[in-house]
Amino acid sequence: MRRTWTTIGIGIAMCLSIVLALSATATLQSGAAQLTAGKVQLTSAGPMTFGPAGILFVGDSLGGAVVAIDTEDSKAPASAAKINVEGIDAKIAALVGIAADQIVVNDVTVNPVSKNVYVSAARGRGPDAAPLIVKVDGTGKLSLVSLDNARHASVSLVDAPAAGAPNARQNPRTQTITGMAFVNGNLMVAGLSNEEWSSALRSIPYPFKTASQGATVQIWHSSHGQYETASPIRTFVPYTISGQQYVLAAYTCTPLVKIPVSQLTPGAKVKGQEIADLGAGNQPLDMVPYTKDGHNYILIANSAFGVLKLKADNIETYPAIVEPQRTDVAGVPFDKVTTLSNVQHLAAIDGSNVLVLTGSGGGRGAAAVPINIATVALP
Amino acid sequence: MTAVAQSPSIQLEGGTFKVTGWKATAPPTKGWSSVFTIYAGSGDVPALLGKYSVENNTLVFRPQFPIAAGVKYRAVFQPPGGTAVTKAFDGPPRETNPIARVVNVYPTADVLPSNQLRLYVYFSAPMSRGEAARHMHILDENGKALEGTEAVLLRGEELWDPAFQRLTMTFDPGRIKRELTSNRMIGPPIAEGKRYTLVIDREWPDARGVPMIDGYRKPYRGGPALRTPPDPKQWHVTAPKSGSSVPLVVEFPVSMNYPLLQRMIRVSGPEGTVAGTIDVQRQETQWRFTPKSAWKAGNYKLIVDTGLEDLAGNHIGQPFDVDTFERVTEKITTATVSVPFIIQ
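Chains as they are written, first to last, in our numbering: chain W, 1 to 379; chain B, 1 to 344.
Mixed in with the good hints there might be a few duds.
As the list claims (entries may be wrong) - Not the full set, but computed from the structure, chain W residues with beta-carbon under 7 Å of chain B:
1) Lys-91
2) Ala-99
3) Val-104
Hints listed in this document are in silico derivations from the structure and should not be mistaken for laboratory results.
In this text, a Cβ means the ideal position worked out from N, Cα and C, and glycines have one as well.
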């Protein structure tokens with residue numbers, strides 16, 4: 001994320017409004033559709049999501065870029081495996097030869113075809129930490145995804161530097177990528193600046209080829225009463241409601257908002273609708289929508305509230321929360337999942353299972369607890 | 001394929017592991033890893049990644065990543081038909097000399113508005129991330145750390161610059177926004193009239209894992225909330241005389257966001273953008289600009305990015321929290337405003 005994303009609509013991008021900006025100045029470092037074999041230029045490995053045919057998108061906050069890597073991992077398994085790796089941080093540390101407390105786990109995702117698990121991490125806690133992408137197969141075996149010679153393409157999220165401007169390494173301004181999702185051929189990237197409060201959600205067509213104008217999205221947050229501020233998106237997922245494609249986006253303190261993808265066109269202004277408010281003093285971490293026994297749910301991992309199961313049946317019938325609410329909790333109902341605790345990340349596996357990453361060694365700052373990944377039946 | 005010459009042994013030299021006393025020729029069918037494996041760490045862990053080679057009949061393993069401090073390595077050589085040899089090695093010793101300290105924390109004012117949005121901590125050396133929750137505390141006036149539901153800062157959200165020398169921490173926006181339940185029940189992160197202390201532990205490890213030279217403490221007092229967006233019309237500009245190189249001085253009624261002051265104001269003159277250096281003083285209420293060349297007479301202006309924020313995240317023309325639902329949808333705002341002044 002790094003350095004200078006152009007945000008469009010500065011004046012109105014206050015707290016719960018976000019800016020969807022595919023910056024016209026975004027620099028494209030790939031050719032058109034083609035992936036190039038060679039060394040992947042990755043400064044850090046953060047949020048990940050899979051695109052088509054084994055393409056893994058990796059958010060590089062420190063490098064100010066998103067990289068698409070062909071994992072060449074597109075073979076469906078004979079049967080779904082249950083993965084259970086305890087102390088995956090220590091195992092990654094052993095693989096790359098460093099003390100376990102120097103491994104920072106950043107994200108986890110599941111290849112939707114092969115069902116192999118991918119973990120992004122850093123070897124070290126300082127600025128020179130090496131980015132790692134670790135693949136965990138159905139037997140629990142770890143291997144490092146080679147970044148030395150992979151077919152890949154990248155798109156820079158950094159505005160072209162002005163003449164005389166400091167280079168990336170000297171520029172203290174960064175844009176931390178908080179989440180990514182692949183929707184209708186576009187990679188959507190949410191970010192957060194370490195300087196100004198305004199935030200950005202970008203939509204980047206894949207294969208990476210063109211840049212375009214951005215769209216501004218404004219969102220009403222009910223429990224804030226009449227006051228609104230611009231808050232960054234923490235996590236989001238694609239979601240279909242009544243045949244229409246949306247993204248569901250969750251914010252700090254903790255509104256859940258639906259944004260119609262069809263309206264996220266370059267230059268458009270879109271008003272997202274808040275459908276639930278999970279309460280304040282919390283950060284949403286990951287969301288996984290699913291269907292069980294004919295009912296729709298969304299599993300949401302949170303920093304303070306644990307894992308919540310949102311009851312998403314007839315989500316289209318809930319009116320948008322447009323009036324100021326004086327309570328913390330409103331909209332679509334939810335239950336707390338008491339069987340899951342200390343969850344840092346969730347990743348969809350299939351219609352029956354979800355991958356859960358637990359522990360606190362993953363850069364969230366609490367006393368280190370071993371990091372485990374496990375396949376868990378959807379509640 | 002191989003022949004036993006003498007009793008084999010394992011060495012670690014210059015970051016590579018070698019089997020001496022054993023003549024390596026062709027690789028075994030299952031590869032060199034079937035006879036020579038290095039482990040870093042204990043327990044059920046995978047083998048260390050690296051590449052094998054045979055150099056002058058010596059089997060060599062080069063780790064993919066450099067040998068690291070604080071790691072215990074275990075090398076196992078199992079010659080075909082022979083007795084296994086195991087040898088333990090320690091990585092290089094950890095560095096112990098402290099070099100890092102907190103250089104400054106912005107805002108530098110003693111009074112923080114109750115809706116203070118962010119803190120910027122500048123360190124003298126690159127630091128380790130993932131440590132703020134353990135090593136950065138806000139104490140109340142009784143010296144009690146504000147944690148849990150009383151937490152003031154967003155836990156676990158560390159925003160670093162690429163050099164890992166500047167950390168941005170955010171106060172809980174849920175407690176800042178008016179009318180939010182936690183704002184009304186718990187109150188804003190900083191209460192007017194109350195006293196607080198920011199504490200940064202000496203134990204915060206730098207990027208090498210070494211604690212700092214000193215810890216850091218800074219007392220603050222809670223002040224009233226800042227609800228008025230910055231208005232450049234309220235700024236006081238002192239223009240220097242032509243021919244001089246003394247700084248242009250801009251004074252603000254309230255403290256402003258220090259990092260944004262470094263890049264969101266520029267000076268434009270008769271010949272375009274004026275080159276110079278920026279210096280921020282007086283608790284971020286004074287912005288000083290020293291030109292590279294002496295001032296020339298003429299009409300000038302400050303070009304100010306409307307994203308420039310005060311301490312509470314209010315930016316030009318827009319307070320931090322405002323009813324934006326209906327009235328701003330069609331509003332088009334300019335990205336900059338200008339403040340004219342004359343050099344005589």
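Verification of the hints:
Hint status for W/Lys-91 relative to chain B: holds, with the closest Cβ pair at about 6 Å, below 7 Å. The criterion of a C-beta within 7 Å of any C-beta in chain B is met by W/Ala-99, whose closest approach is roughly 5 Å, and the hint holds. Taking 7 Å as the C-beta contact cut-off toward chain B, the hint placing W/Val-104 at the interface holds, the least distance being around 6 Å.
No hint from the list above goes unmet by this structure.
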